[in-house]
Amino acid sequence: DAGVIQSPRHEVTEMGQEVTLRCKPISGHDYLFWYRQTMMRGLELLIYFNNNVPIDDSGMPEDRFSAKMPNASFSTLKIQPSEPRDSAVYFCASSFARVDAEAFFGQGTRLTVV
Amino acid sequence: GNSVTQMEGPVTLSEEAFLTINCTYTATGYPSLFWYVQYPGEGLQLLLKATKADDKGSNKGFEATYRKETTSFHLEKGSVQVSDSAVYFCALLLRDGSGNTGKLIFGQGTTLQVKP
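Residue numbers (the numbering used here), protein chains in the order written: chain A, 2 to 115; chain B, 1414 to 1529.
Certain hints may be false.
[As the list claims (entries may be wrong)] Label pairs and their calculated CB-CB ranges: (1) Gln1494/B / Pro82/A: 42 to 50 Å; (2) Arg99/A / Glu1489/B: 24 to 32 Å; (3) Asp101/A / Glu1489/B: 37 to 45 Å; (4) Pro85/A / Pro1529/B: 47 to 55 Å; (5) Asp58/A / Glu1455/B: 25 to 33 Å; (6) Ala3/A / Ala1430/B: 19 to 27 Å.
[Said to hold, decoys possible] Below, in silico cross-link-like pairs of lysine to aspartate or glutamate (EDC-like), each with a Cα-Cα straight-line distance of 16 Å or less: (7) Lys1516/B / Asp31/A; (8) Lys1516/B / Glu103/A; (9) Lys79/A / Asp58/A; (10) Lys1516/B / Asp57/A; (11) Lys1516/B / Asp101/A; (12) Lys1516/B / Glu12/A; (13) Lys1490/B / Glu1428/B.
Derived by calculation from the structure, the hints in this document are not laboratory data. We treat Cβ as the ideally placed atom computed from N, Cα and C, and that holds for glycine.
Only chain A is shown next, with the shape it has when bound in the complex (with noise of 0.2 Å):
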């Protein structure tokens, strides 16, 4: 397996406009996390998925931003309208359900908002 898959790697985007992020998990995994991670905040858990079933979106700053897992291999986190304040660095992880389980990061998307 190719690993955990994010695209874009970096996004130039003007405030207003939609954006979204793209996640391919790992086959197999049973869950699907999204996290932002800024200077100031850290790594900040934002939503996650079990079996395509989002389980706790408590995390998500503003109404803003959503998040679709519409398959086992595929997830979207979509900003709209974007601020300047969301510029970030967006990883998505994948992982089994086990108590000894690894999460596989991606290679994170570098977001700048201006």
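Use these hints to put chain B onto chain A, whose structure you have.
Just chain B, lined up with the frame of chain A:
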């Protein structure tokens, strides 16, 4: 609520020095504990893990022991190298009453710089 607290960085050490990065947690139930490492420009990678009290996780010379009585999981290494320079994250994996896993929560990360 559930959370992980790490010592603030950056931590700057000379090569071959002893390393300790403190991690304490607050969690409902009985979590599994992990240390992840992040090298520049990359995602996080698992360094070591422990799933029950008194378990010791170890990898690449790093160690951490699951201490339930002090709710801690401190990371140690006897002799650091320049190549260990990275950001280190402590994390907990919550379990529900059925023993299933769920939320994976990270600390804020600690930057380690090792100088030759």
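To see whether the hints hold, each was checked on the structure:
1. Gln1494/B / Pro82/A: 42 to 50 Å: holds (46 Å)
2. Arg99/A / Glu1489/B: 24 to 32 Å: Holds - the Cβ-Cβ distance for Arg99/A and Glu1489/B, about 26 Å, lies within 24 to 32 Å.
3. Asp101/A / Glu1489/B: 37 to 45 Å: About 21 Å separates the Cβ atoms of Asp101/A and Glu1489/B, which means 37 to 45 Å is violated.
4. Pro85/A / Pro1529/B: 47 to 55 Å: violated (39 Å)
5. Asp58/A / Glu1455/B: 25 to 33 Å: This hint holds: roughly 26 Å between Cβ atoms.
6. Ala3/A / Ala1430/B: 19 to 27 Å: Roughly 38 Å apart at Cβ, these two residues miss the hinted range, so it is violated.
7. Lys1516/B / Asp31/A: Between Lys1516/B and Asp31/A the Cα gap is close to 12 Å, so the pair holds against 16 Å.
8. Lys1516/B / Glu103/A: holds (13 Å)
9. Lys79/A / Asp58/A: holds (13 Å)
10. Lys1516/B / Asp57/A: Roughly 8 Å separates the two Cα atoms, so the pair holds.
11. Lys1516/B / Asp101/A: holds (13 Å)
12. Lys1516/B / Glu12/A: Violated: Lys1516/B and Glu12/A sit about 28 Å apart, past 16 Å.
13. Lys1490/B / Glu1428/B: holds (12 Å)
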